[in-house]
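Chains F and W are the protein sequences, given in the same order.
Position 135 of the first sequence, counted from 1, bears residue number 135 in this note's numbering, the numbering being contiguous throughout.
Position 9 of the second sequence, counted from 1, bears residue number 1009 in this note's numbering, the numbering being contiguous throughout.
These are calculated hints, taken from the structure and not from any lab test.
Where is the CB? At the ideal position from N, CA and C, for every residue including glycine.
One thing to keep in mind: the hints can contain errors.
[Claimed, not checked] Cβ-Cβ distance ranges computed for the label pairs, FRET-style:
id: 1; chain 1: W; residue 1: 1089; chain 2: F; residue 2: 38; range: 16 to 26 Å
id: 2; chain 1: F; residue 1: 109; chain 2: W; residue 2: 1069; range: 37 to 47 Å
id: 3; chain 1: W; residue 1: 1007; chain 2: F; residue 2: 38; range: 53 to 63 Å
id: 4; chain 1: F; residue 1: 257; chain 2: W; residue 2: 1028; range: 25 to 35 Å
id: 5; chain 1: W; residue 1: 1049; chain 2: F; residue 2: 40; range: 20 to 30 Å
id: 6; chain 1: F; residue 1: 75; chain 2: W; residue 2: 1026; range: 48 to 58 Å
id: 7; chain 1: W; residue 1: 1007; chain 2: F; residue 2: 16; range: 41 to 51 Å
id: 8; chain 1: F; residue 1: 239; chain 2: W; residue 2: 1025; range: 37 to 47 Å
id: 9; chain 1: F; residue 1: 137; chain 2: W; residue 2: 1022; range: 31 to 41 Å
id: 10; chain 1: F; residue 1: 108; chain 2: W; residue 2: 1003; range: 14 to 24 Å
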Amino acid sequence: MRYFPQLETRTAGQYPLRRERQERVVRHESLDGRLRAYYDGTAGRVTWLLRYDGLTDAERSAIEDLFDECEGRLLDFVFLDPAANLLRWSEDYGQSYWSVDPLLLRLPDADDPWGTTRASQLTNSGIAPQRIAQTIAASGTQQYCFSAYAAGAGQTFRLRIDSGGVIVEREFIATSEWARYSVEARPGSNAETVTFSVSLNPGASLKVTGLQAEAQVAPGGYKRTTTRCGLYPNARFAEDELAWTQQAPNYNAAEIRIESRPY
Amino acid sequence: MQEFPRLRSGAVGQYPSQRLMRFSTQVMWFVDGSEQRFREFSGPLRRWVIELRQLDEEELDALESFFLSEQGGYGTFTFVDPWDEAEYEDCSLENPDAYFDYTGFHDGRTRLVVRQNR
């Protein structure tokens, strides 16, 4: 599969980054001001405007090679939105996207860091570590950061990223106060799936919410997700022409538009 | 019914804020120079331009999620007028497209237009 390349900063974008949402709604306004609207559910589009500045020749080549391989707008590639959560249902672990080990008890509607009840109380009632995990269809060669909010005085847990047999995990001891924990990794395997999981030691019990995976080295602001996520398997360049400006040796700039149907 | 999301500050909008009031009047001019006017709306319709800057990522994401859950301009929601706190129960987004700019760290920007329905 083709992937939109990450820069040397190990993310695909730079500030400023614009994401545009287009939804198709047919509207009819009557003379008296009443509105009738009809939603075209399959016509939505999402577009990114990536403005690059100061890219090295190697970074430029990587993007140019992909553009060449895709023949402009013709072929698609996988795009990991640098400003989105790659996981679905970031707060609802009862959804089918999540796999929960059998001895991990999950009680939703626990209090959360935002003063509402969107957290889940996880309890490992077994004698071996138990995990809650979500797997995404993305390459192990990309950079990822996995983060979670957790609370539970003295409870030990691990955040883990694994791909193609390469496992990167970090152990944390939660406190009674809510805090955000993260692990970052570039597994480097050629596998086309990456799994993000929270693992609890036997007997451990803690509150967890806001699980987020991002294609970058450090956690960004939390983005709550439901059915959609930031992984776009059929993204395309929005234009057939790619223009680069070289401002100095090894210092390149470009404006690139990428588009996809929302997922 | 959904409510238009508030920022961390509890506010709906930021300065500069724009509110529009719209009537619709049909005018017929006659050859003798006189005219007749008809009221097409039973009352005014309001519109608000919500232009936001310096949002953190969570605030910007909440607005994007709201845009998606409204399916662009299709859904309806309750909107509290940031000028006078009056509540308008039947509103929808005017813009079928919206941008969400990540201009810098904690500097998200967007622009949504809310219209009152009848």
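Comparing the hints with the structure gives:
Remark: the range hint 16 to 26 Å for residue 1089(W) to residue 38(F) is upheld by a beta-carbon distance near 22 Å. Judged by the Cβ atoms, the range 37 to 47 Å given for residue 109(F) and residue 1069(W) is violated: they are separated by roughly 21 Å. Checked against the hint of 53 to 63 Å, the pair residue 1007(W) and residue 38(F) fails, with Cβ atoms roughly 31 Å apart. For the pair residue 257(F) and residue 1028(W), the beta carbons lie near 48 Å from each other, so the given range of 25 to 35 Å is not met.
Distance hint for residue 1049(W) and residue 40(F): a CB-CB separation of about 25 Å, consistent with the stated range 20 to 30 Å. About 53 Å separates the C-beta atoms of residue 75(F) and residue 1026(W), a value consistent with the hinted range of 48 to 58 Å. For residue 1007(W) paired with residue 16(F), a C-beta distance near 20 Å fails the hint of 41 to 51 Å. Taken as a hint, the range 37 to 47 Å holds for the pair residue 239(F) and residue 1025(W), whose Cβ atoms sit roughly 45 Å apart.
The hinted range of 31 to 41 Å is not satisfied by residue 137(F) and residue 1022(W), whose Cβ atoms lie roughly 48 Å apart. Roughly 23 Å separates the CB atoms of residue 108(F) and residue 1003(W), a value that falls within the hinted 14 to 24 Å.
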